[in-house]
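Protein chains in written order, with our numbering: chain H, 1 to 115; chain A, 1 to 113.
For the record, the hints were derived by calculation from the structure and aren't laboratory data.
It is possible that part of the hints are untrue.
[Claimed, not checked] Computed far set for chain H versus chain A, every beta-carbon distance over 12 Å:
no.: 1; residue: Val12
no.: 2; residue: Asn65
no.: 3; residue: Thr71
no.: 4; residue: Glu72
no.: 5; residue: Pro83
no.: 6; residue: Gln85
no.: 7; residue: Thr113
no.: 8; residue: Thr115
[Said to hold, decoys possible] Examples of chain A residues lying across from chain H (beta carbon under 10 Å, computed):
no.: 9; residue: Asn30
no.: 10; residue: Asn31
no.: 11; residue: Gly42
no.: 12; residue: Val44
no.: 13; residue: Ile47
no.: 14; residue: Arg50
no.: 15; residue: Val94
no.: 16; residue: Ala98
no.: 17; residue: Gln99
no.: 18; residue: Val102
no.: 19; residue: Gly104
[Said to hold, decoys possible] Label-pair restraints from in silico Cβ distances:
no.: 20; chain 1: H; residue 1: Ser84; chain 2: A; residue 2: Ser39; range: 19 to 27 Å
no.: 21; chain 1: A; residue 1: Ser12; chain 2: H; residue 2: Met41; range: 19 to 27 Å
no.: 22; chain 1: A; residue 1: Pro113; chain 2: H; residue 2: Ala82; range: 26 to 34 Å
no.: 23; chain 1: H; residue 1: Met19; chain 2: A; residue 2: Arg41; range: 18 to 26 Å
no.: 24; chain 1: H; residue 1: Met41; chain 2: A; residue 2: Ile13; range: 20 to 28 Å
no.: 25; chain 1: A; residue 1: Arg41; chain 2: H; residue 2: Thr70; range: 23 to 31 Å
no.: 26; chain 1: H; residue 1: Met41; chain 2: A; residue 2: Ile95; range: 15 to 23 Å
no.: 27; chain 1: H; residue 1: Met27; chain 2: A; residue 2: Glu55; range: 23 to 31 Å
no.: 28; chain 1: H; residue 1: Thr15; chain 2: A; residue 2: Ala78; range: 43 to 51 Å
no.: 29; chain 1: H; residue 1: Gly40; chain 2: A; residue 2: Asn18; range: 25 to 33 Å
In this text, a Cβ means the ideal position worked out from N, Cα and C, and glycines have one as well.
The residues making up each chain are set out below.
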Amino acid sequence: NAGVTQTPKFQVLKTGQSMTLQCAQDMNHEYMSWYRQDPGMGLRLIHYSVGAGITDQGEVPNGYNVSRSTTEDFPLRLLSAAPSQTSVYFCASSYHIRGGNSPLHFGNGTRLTVT
Amino acid sequence: SQQGEEDPQALSIQEGENATMNCSYKTSINNLQWYRQNSGRGLVHLILIRSNEREKHSGRLRVTLDTSKKSSSLLITASRAADTASYFCATGVVIQGAQKLVFGQGTRLTINP
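Build out the structure end to end from the sequences listed, making use of the hints.
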């Protein structure tokens with residue numbers, strides 16, 4: 001049982017380049033989300049999805065796109081990387097229970113550096 | 001913002017002692033969750049306490065929630081070196097049917113052997 005798998009683990013981009021961070025889960029979770037973690041800022045929600053074909057913005061969505069074509073996968077796209085997007089990115093998933101109260105399962109993160 | 005604020009930011013204790021971390025928040029919540037993060041790894045869920053609950057236990061962990069004071073505490077008893085990690089509280093609110101978790105900045109706990 002792999003849980004939440006993120007690839008790559010590390011990535012270095014030049015300003016203006018694009019890339020996709022991959023996230024896959026094998027727990028049949030309806031809810032998937034992306035967070036970024038910066039020193040002194042905690043984790044901030046970028047985008048989330050409550051099921052295939054449904055996505056919504058979180059706290060810091062600018063500069064990022066997502067799509068959810070399957071239950072298992074939730075890729076995060078950086079269209080034109082900027083140094084401000086240097087961060088550690090975490091994907092997390094959970095059951096989508098009406099009324100909330102679902103713990104998140106996290107991947108091990110992607111460390112992204114934009115030069 | 002409903003963001004949890006954690007106190008202290010860093011805590012260093014001797015192995016065997018108890019560690020207490022506090023979390024305060026600003027708005028009504030559906031639940032409050034605690035997570036642990038070891039260096040370079042993803043977060044691991046520890047305990048979820050619902051807004052109508054006051055206390056929960058899991059092994060050496062005890063979490064309390066006081067909704068009137070908008071605060072929660074995490075107590076780790078009989079600490080071990082392996083408990084060294086960062087601990088985060090996260091407040092859960094359901095908006096348009098979806099749970100949104102907002103994380104605090106975390107408490108860095110160091111257990112000295």
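Here is how each hint holds up against the structure:
The claim that Val12/H is not at the interface with chain A holds, since no C-beta of that chain comes within 12 Å of its own (minimum 17 Å). Distance to chain A confirms Asn65/H as a non-interface residue, since its nearest Cβ pair spans about 19 Å, more than 12 Å. No Cβ of chain A comes within 12 Å of the Cβ of Thr71/H; the nearest lies about 16 Å off, and the non-interface call holds. No beta-carbon of chain A is positioned within 12 Å of the beta-carbon of Glu72/H; the least distance is around 18 Å.
At roughly 22 Å, the least C-beta separation between Pro83/H and chain A is larger than 12 Å, which holds for a residue marked as non-interface. Chain A leaves Gln85/H outside its interface by the beta-carbon criterion, the shortest separation being 19 Å against a cut-off of 12 Å. Thr113/H, annotated as away from the interface, keeps every beta carbon of chain A farther than 12 Å; the closest lies near 15 Å. For Thr115/H, the requirement that its beta carbon stay farther than 12 Å from each beta carbon of chain A is met, with the minimum near 21 Å.
Hint on Asn30/A holds. Least Cβ distance to chain H is approximately 4 Å, under the 10 Å limit. A hinted interface residue such as Asn31/A counts as satisfied when its beta carbon comes closer than 10 Å to some beta carbon of chain H; here the least separation is about 5 Å, so the hint holds. Checking Gly42/A against chain H by beta carbon gives a least distance of about 3 Å; that is within 10 Å, so the hint holds. The criterion of a C-beta within 10 Å of any C-beta in chain H is met by Val44/A, whose closest approach is roughly 7 Å, and the hint holds.
Proximity of Ile47/A to chain H holds as hinted, the smallest CB-CB distance being about 9 Å (cut-off 10 Å). Checking Arg50/A against chain H: minimum C-beta separation of about 6 Å stays under 10 Å; hint holds. About 4 Å separates the beta-carbon of Val94/A from the nearest beta-carbon of chain H, less than 10 Å, and the hint is met. Hint status for Ala98/A relative to chain H: holds, with the closest Cβ pair at about 5 Å, below 10 Å.
Checking Gln99/A against chain H: minimum C-beta separation of about 4 Å stays under 10 Å; hint holds. For the restraint placing Val102/A at the interface with chain H, the shortest Cβ-Cβ distance is roughly 7 Å, inside the 10 Å limit, so the hint holds. Annotation: interface hint on Gly104/A holds; nearest CB of chain H at approximately 6 Å, less than 10 Å. For Ser84/H paired with Ser39/A, a C-beta distance near 24 Å keeps the hint of 19 to 27 Å intact.
Separated by about 23 Å at the C-beta atoms, Ser12/A and Met41/H satisfy the suggested range of 19 to 27 Å. Between Pro113/A and Ala82/H the beta carbons are some 43 Å apart, a value that contradicts the proposed interval 26 to 34 Å. Between Met19/H and Arg41/A the Cβ separation comes to about 22 Å, which falls inside the hinted range of 18 to 26 Å. The given range of 20 to 28 Å is respected by Met41/H and Ile13/A, whose C-beta atoms sit roughly 26 Å from each other.
Here the CB-CB span from Arg41/A to Thr70/H is close to 26 Å, well matched to the stated 23 to 31 Å. For the hinted restraint 15 to 23 Å between Met41/H and Ile95/A, the CB-CB distance of approximately 21 Å keeps it satisfied. Under the hint 23 to 31 Å, the C-beta atoms of Met27/H and Glu55/A, about 29 Å apart, fit the expected range. At about 50 Å, the CB distance of Thr15/H to Ala78/A agrees with the hint of 43 to 51 Å.
For Gly40/H paired with Asn18/A, a C-beta distance near 27 Å keeps the hint of 25 to 33 Å intact.
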